[in-house]
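Chemist: What follows is each chain in one-letter form.
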Amino acid sequence: MLKAIKSIYEFLRRLSGDDLYDIYLKNHKQCSKKHKLMSKQKFYQATLDKKWSGIKRCC
Amino acid sequence: MIKKYFKNIVWILVALLGALAFSTIALSRNESINAVWFITAAVCIFMIAYRFYASWIAAKVLVIDEHKKTPALRLRNDKDFIPTDKWIVFGHHFAAIAGPGPLVGPTLAAQFGYLPGMLWILIGAVLGGAVQDMTTLFFSMRRNGKSLGQMARDEIGVIGGTASLIGTFLIMVILIAVLGLVVVNAMKHSPWATSTVAATIPIAIFIGIYLRSIRAGRVLEASLIGFGLLLLAVFAGGLIDHSQTLRTYFDHDSLTLAWAIIFYGFAAAVLPVWLLLAPRDYLSTFVKLGTVIVLAIAIITLQPEIKMPALTQFTDGTGPIFGGSVFPFVFITIACGSISGFHSLIASGTTPKLLDNEKYIPMIGYGAMLLESFVAIMALIAATVLEPGIFFAINSPVGLVGSEAIDAIQKINAWGFKVTVEEMELLAKNMGETSLFARTGGAPSLAVGMANIFGKAFGTNLLAMWYHFAIMFEAIFILTTLDAGTRVGRFMLQDMIGNIYPKFGQTSWMPSIILSSAIVVSCWGYFLYIGVIDPNGGVNILWPLFGIANQMLAAIALSVGTGILIKSKKLKYAWVTGLPLIWLIIVTTTAAYQKIFSHDIRVGFLAAARDLTDKINTGLIEDSKISVTHQLIFNQKLDAFITLFLLIILWTVVIDMLRISFFKKN
Chain A
0 MLKAIKSIYE FLRRLSGDDL YDIYLKNHKQ CSKKHKLMSK QKFYQATLDK KWSGIKRCC
Chain B
0 MIKKYFKNIV WILVALLGAL AFSTIALSRN ESINAVWFIT AAVCIFMIAY RFYASWIAAK
60 VLVIDEHKKT PALRLRNDKD FIPTDKWIVF GHHFAAIAGP GPLVGPTLAA QFGYLPGMLW
120 ILIGAVLGGA VQDMTTLFFS MRRNGKSLGQ MARDEIGVIG GTASLIGTFL IMVILIAVLG
180 LVVVNAMKHS PWATSTVAAT IPIAIFIGIY LRSIRAGRVL EASLIGFGLL LLAVFAGGLI
240 DHSQTLRTYF DHDSLTLAWA IIFYGFAAAV LPVWLLLAPR DYLSTFVKLG TVIVLAIAII
300 TLQPEIKMPA LTQFTDGTGP IFGGSVFPFV FITIACGSIS GFHSLIASGT TPKLLDNEKY
360 IPMIGYGAML LESFVAIMAL IAATVLEPGI FFAINSPVGL VGSEAIDAIQ KINAWGFKVT
420 VEEMELLAKN MGETSLFART GGAPSLAVGM ANIFGKAFGT NLLAMWYHFA IMFEAIFILT
480 TLDAGTRVGR FMLQDMIGNI YPKFGQTSWM PSIILSSAIV VSCWGYFLYI GVIDPNGGVN
540 ILWPLFGIAN QMLAAIALSV GTGILIKSKK LKYAWVTGLP LIWLIIVTTT AAYQKIFSHD
600 IRVGFLAAAR DLTDKINTGL IEDSKISVTH QLIFNQKLDA FITLFLLIIL WTVVIDMLRI
660 SFFKKN
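Chains A and B supply the protein sequences, listed in that same order. Reminder that position 39 of the first sequence reads as 38 in numbering that gives the first Met the number 0, one-by-one numbering, no gaps. Reminder that position 244 of the second sequence reads as 243 in numbering that gives the first Met the number 0, one-by-one numbering, no gaps.
Derived from the structure by calculation, the hints contain no laboratory data. Since we're looking at a predicted model, the values are computed, not measured. Positions of the beta carbon are idealized from the N, C-alpha and C atoms, including for glycine. Any given hint could turn out to be false.
Claimed, not checked - Computed, partial: chain B to chain A, Cβ under 10 Å:
| # | residue |
| --- | --- |
| 1 | TRP86 |
| 2 | ILE87 |
| 3 | ALA97 |
| 4 | GLY100 |
| 5 | LEU219 |
| 6 | ALA221 |
| 7 | VAL272 |
| 8 | TYR281 |
| 9 | LEU399 |
| 10 | GLY484 |
| 11 | PRO510 |
| 12 | ILE513 |
| 13 | PHE545 |
| 14 | ALA639 |
To be verified - Straight-line distance between alpha carbons at most 20 Å, and here's what the computed SDA-like set of lysine to any residue pairs gives:
| # | chain 1 | residue 1 | chain 2 | residue 2 |
| --- | --- | --- | --- | --- |
| 15 | B | LYS78 | A | GLN44 |
| 16 | B | LYS78 | B | ARG142 |
| 17 | A | LYS50 | B | ASN143 |
| 18 | B | LYS6 | B | SER22 |
| 19 | A | LYS55 | B | ILE165 |
| 20 | A | LYS39 | B | LYS358 |
| 21 | B | LYS85 | A | GLU9 |
| 22 | A | LYS50 | B | LYS6 |
| 23 | A | LYS50 | B | LEU74 |
| 24 | B | LYS358 | B | ARG142 |
| 25 | B | LYS145 | B | ILE81 |
Next comes chain B alone, as it looks inside the complex (with noise of 0.2 Å):
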């Protein structure tokens, strides 16, 4: 009894402490806020929504069956359903789904004021995100671990699974061509990040050498050498960008970076898994873990205050990152880190087969959604303890405020945030770059927010080996994404090929291995090309497309889910899933609509096209610039027919599920 009184005691001090934190984030303004109550907030509100939320759900909604036998126990045959313990499902699943999404997202994001992007990661994650993987998590395993395009094909009808394995492929094309464009613009003209990331290549290379012919499936040991390896490169990229010589072999333009990473690739889509893929994957896992873990600790022991304001004008829509309004776009550019489509293919088809009892289903499809969260938290934190004027010079491309110095901080100055040009060379040098001017893509200044925030923590005197060390974290899970993303695009484009051309289907068959790659590469490398030729940086297109497209996946899901809720008569708690799908609703498709019409250049994208006919016949293109610009033109229109694209699947989706839960007969 005093036990019970105790716990809830507990929680009741738990719900006011997140209460108290959450009002301090969302009523401060104009004064300065510390980094902690955004830690403090997070991890309140999480710890309440999953012990009491997702309890909830599991119990009342799924009806979760702790003695009913899982997919692991019954179809046991030690290939891919492994009755696996749940701290191990948990470590999988995390590692699935926690890519460089939510570090990238929270960072563009930060453009419209920490508030925002902090209220959209706490409350999407807890309402929608986790909803979404937990939800999918359960019924996949209720259907033998089926994959989320099986499931929409057998729960709405053949149109619901044809739209998620063309959803699947477009997310994979937008998300690899966007994070090829990060890591490009981390490297333009910066032989330290150039050197360092193309020694990940070989490192990883030797580690596959070493796990398959040396020490055959050490995976721990190789892992360790991999990291000293990598620290290594670090170390050395910063001797390559001492020595006048080495540094001209690493020092490239993004035209030439983007041709490297389109070949690179393609080659790594090619290659066997053991060489190049898998020992990267191990290497960026463990780089990955041990950063976000040391970047917690530093966050709490150091408290930094965040100088972003709560609110930037730039919530109207004139954003330097991205155009548009903070309403719809805050939703689409964080998508993972609040919710995300594609967890949903984790969540339905692999962590299904493993796990060994239905009762950790909050725990793996909730839980690790929350611990997403976390991270894109604390992406959030490490943008906005960077001075505004930083932030901005850093993240504004070329085409916006000019590409001398002079002229960029004028602009950003007029904007109101303080910076001055000594302010960036000495910000440069400290980071051992040669400018950090239009360093789009969030890289750059989330890497520049760890170097400062490790710097203050463990020593400012090794800053430039801080950032690095941040921009090789982010590369090399970067790489991976793109390596995995081209493979599974490349399989996906062998399935359906095969259905007409069999032998094409066959995944190890070297013709179909080479044909296919190059076509997924030629389709992510066009996205890439046209987003670094493009002034305005390419991101300004590129993630909200990949936000659109992410998003539309997430409605796929929960429609899916709220379809199952409807038929099997549970529709007063269709909700749970319905709530979060009405809202995707709303946001894809004002997102959507407005990047197709808006009148606004920089937001709609026939208006961009038309802006630049109009600029050509007027004769305010130069003659060099004309075919360039042609190419842009296409491509804006290209943009919008895929977003019209999206759009239509997405209401196809929810209007035949619909029809399908309520007025089919069985």
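The shape of chain A in the complex, shown without the other chains (with noise of 0.2 Å):
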């Protein structure tokens, strides 16, 4: 019971991109050395520039 509510609560993290500097964090101690660790807010602000570039939202 337990694990199902920790796995639903971790594919809502997941969706709703709650979790993306912990991925970050992963990913860039696995490969991406040579780019500067970003801060969490750093990181939160690139993420939604990135986000809101394009037509991201429709009729």
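Mind docking these for me? Both chains are given alone in their own frames, and the hints should help you get the complex.
Modeler: Encoded structure:
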């Protein structure tokens, strides 16, 4: 039961973008050491700028 | 072996149940029908279409290769190209395509009765909309995630590329204007609705600050807090409405509210995204998904009876909500929910850069569109469970039924729909409104329908709360589309002018931001202003114009798809995109022709302009209204020009596609 709740919570976090920074940290550790690590705030700002630079919402 | 037989039997049962539901809907006349048949027909037809038609297109037409590396894997850069779980992509894609369109269009089209809208939503989505989304997604994926505009330029030529760019800009302008009008009509002289919608702005700003500075990026908890605050805003709206002093601050006419929306649109486009747009989007997605799920549960448990007849006399073109006969106008009015060209902009460009395997294309491209159609079916149910008399009293503009309640009731009764002044007064009182007459645009009648369903399912003593929750629910993502659309229009304009004056193309240069935002807001603000001053309610003009523009973009997307299929020696399968394309060409051309040249003044722009000119010349217009009438005449002529322009673009692209597909030697 607890496992199911946890996996639903993880799915919701993933769907809403709540865990994007955690994923970024993991990716950064693994492969992109050449780039300076962004703070949480900076990363959030960069994510939003990227997301809203094109047509992202329809009619 | 047994498993295979079992599977076959299940699919046969689904097919039989779907056929039974579909024929019950199609053949039922002058008798009550339960909304569960609508849900059953939709679910069965969508399941069969997804399992068989989408799979067939994937296997035979597109020849999807699950071993082929997708752009997200080949070009992975953790910026645009990010391999993402299929359910997450589905969620993002669905949130992106499902805006207010599938709620408004079916509500307006309910004037023809439930049948035309129902059939078009089911058939249009399965054979048209979902095919367009899926094929565009596939072709974009095979072209490294190119946008529709880029594909149109590459596959058809400069004309196709430019046409899709202009078409997108025009749709954006008209869409924002008509959605602004829907919100204005929901808020006019309603302190409860206006204060609740106004409260969503500071709530979004608070969530924006929370997400940026207090708990950076914690979207889930911020959305929950925001949702709690939104519920509080609905409740507080009721308190404001009951306070004689406070309610005066929020009791405004349409024109004042239109100016407020125009000012808001400009501010939202200039302000940084983190402050208003992004947090509002998180909130609207959260509220949208939650409300749609609860509405579906309520409809299934409540099983309401549909009160609207299958067909009304307005199929002949005399409908009060918008002029024009069932063919072609039901196909124009319901774009989102059946086939929407706008989706092709999402299916190309963004989504194809996330998928990590081609085998998920049917699920994302075809499946998400079916889910949007399901939302449209629920909107149609919510509108048609209302007594038709009430539905028409809410949706008929003052210009047609008069401004006095008794006149409106007499007119609606003369159409054969029973409703009384007392019933409307009681309904307005129950919903916490002073009046529900002539609340055009679709949002108030949908909110009344939703409030009825929610009220019956969860308690009728909270009807006014449910009504204003539904208004807030509609307004919050209409305003998100308005924010996002204005910003995209700004980027497009900056890009276009940047080709001539490069500095203007720097999207962060403040003079460029302010000037381009002002131009975009002026464009849609103009149509919103005209829509508000038009005694016929504005929706009569703006919604068909939006529909024509949207279907034209769909035709461009399907032209690109058909052109690619023909060029890649798959002529025998070209009908998959070709048939919906032909249908859209017929529908859009007929609708555009009628909108320009029809002699009916509620349909033809030029006839309406002539009629108003004659009225001025013969002294039928009061002196005080002459200048407004001149504005309306100019607008009718401008709308005729825009429609003609869209028609020329459509035919140019189609002819060019055929020329390049069949006659151009590589």
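Chemist: Look at each hint and say if it fits the structure.
Modeler: Evaluated hints:
1. TRP86: 7 Å, holds
2. ILE87: 5 Å, holds
3. ALA97: With a minimum Cβ separation of about 7 Å from chain A (threshold 10 Å), the hint on ALA97(B) holds.
4. GLY100: Result: holds, 4 Å to nearest chain A Cβ.
5. LEU219: 4 Å, holds
6. ALA221: 9 Å, holds
7. VAL272: 5 Å, holds
8. TYR281: Since the shortest Cβ distance to chain A is 7 Å, the answer is holds.
9. LEU399: 26 Å, violated
10. GLY484: Cβ of GLY484(B) sits 7 Å from chain A, so the hint holds.
11. PRO510: Result: violated, 19 Å to nearest chain A Cβ.
12. ILE513: 18 Å, violated
13. PHE545: This interface hint holds because 8 Å falls under the 10 Å limit.
14. ALA639: 23 Å, violated
15. LYS78(B) x GLN44(A): 13 Å, holds
16. LYS78(B) x ARG142(B): 18 Å, holds
17. LYS50(A) x ASN143(B): Holds, because 18 Å separates the two Cα atoms, which is no more than 20 Å.
18. LYS6(B) x SER22(B): 24 Å, violated
19. LYS55(A) x ILE165(B): 18 Å, holds
20. LYS39(A) x LYS358(B): 35 Å, violated
21. LYS85(B) x GLU9(A): With a Cα-Cα distance of about 15 Å, the restraint between LYS85(B) and GLU9(A) holds, given a limit of 20 Å.
22. LYS50(A) x LYS6(B): 42 Å, violated
23. LYS50(A) x LEU74(B): 18 Å, holds
24. LYS358(B) x ARG142(B): 16 Å, holds
25. LYS145(B) x ILE81(B): 15 Å, holds
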